[in-house]
Amino acid sequence: MMQITAGSLTRALFGLGILAFLVRPEWFEPALRLLVDQNMPVIYLQGNLLSLLLQHLALVLAATMVAAILAVSAAIFVTRPVGSDFLPISRSIVSIGQTFPPVAVLALCVPVLGFGNGPTLVALILYGLLPIFENALTALRTIDPAVLEAARGSGMSEPQKLIRVELPLAMPLIISGIRLSAVISVATATIGSTVAAKTLGEVIFAGLQSYNYAFILQGGVLVAALALLIHDTLMIVEYRVQRLRRPLSE
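Residue numbering for the sequence shown follows my numbering, beginning at 7 and increasing consecutively.
Honestly, the hints are just simulated from the structure, not real lab data.
Please note: incorrect hints may appear among the correct ones.
[To be verified] Estimated spans, in silico, between C-beta atoms of each pair:
{"no.": "1", "residue 1": "E155", "residue 2": "A110", "range": "42 to 52 Å"}
{"no.": "2", "residue 1": "L25", "residue 2": "G161", "range": "29 to 39 Å"}
{"no.": "3", "residue 1": "P36", "residue 2": "G226", "range": "13 to 23 Å"}
{"no.": "4", "residue 1": "V72", "residue 2": "A230", "range": "48 to 58 Å"}
{"no.": "5", "residue 1": "A152", "residue 2": "A68", "range": "31 to 41 Å"}
{"no.": "6", "residue 1": "Q166", "residue 2": "A113", "range": "24 to 34 Å"}
{"no.": "7", "residue 1": "P47", "residue 2": "S98", "range": "41 to 51 Å"}
Cβ coordinates follow ideal geometry from the N, Cα and C atoms, glycine included.
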């Protein structure tokens with residue numbers, strides 16, 4: 007219990023520090039000044055950091071939502087008798103994002119979609135499909151057959167059984183896959199700045215190009231904070247859904 011309390015306190019303090027930096031970045035200038043040469047800028051001012059963080063978050067949430075809908079729908083389809091033969095090809099399709107690096111996907115999408123958020127969104131969706139699909143597939147295939155038989159015996163149709171029994175029982179593991187996909191997307195979205203997407207990668211790349219370690223640290227810490235926020239939020243959702251799931255499985 008002490009470890010959980012200490013961890014929660016540490017994350018709360020870290021979150022307060024991030025919030026303070028977003029609101030008053032000049033407070034941190036003396037510490038960041040140690041990382042750069044005398045005449046170099048310390049705080050990234052070419053774009054509003056809070057605005058970049060929110061745009062980064064919006065891009066990740068949009069991509070994760072689309073990936074979740076596609077992956078869960080595919081998992082449902084291949085676990086039905088009519089779609090079981092399509093499992094191998096479905097696995098191959100959702101694995102495309104893990105096969106090709108996101109940079110390659112961006113390069114292929116730019117000629118079609120142009121610069122901006124479009125190519126980054128496609129890359130994040132493709133990259134986020136696999137963990138959600140595999141978790142949803144495992145969750146749906148490992149439901150107790152006795153529970154499914156009881157649902158059929160109560161007169162439920164197949165759609166009713168799916169909505170009222172299978173999806174609620176599978177939801178904790180599905181959310182776990184969504185959590186993993188979202189955290190991966192937070193990090194991956196940074197490369198979207200190479201094709202003019204508005205993300206925190208803009209700060210990191212500005213630092214890399216000018217050898218400004220203060221910029222690199224600012225961008226990296228904000229990306230890490232965003233990943234922790236999404237991870238912890240979905241962990242709470244997963245825990246609550248897990249508790250609601252217990253009466254269904256009993």
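Could you work out which of the previously given hints the structure breaks and list their numbers from low to high? 2, 4 and 6
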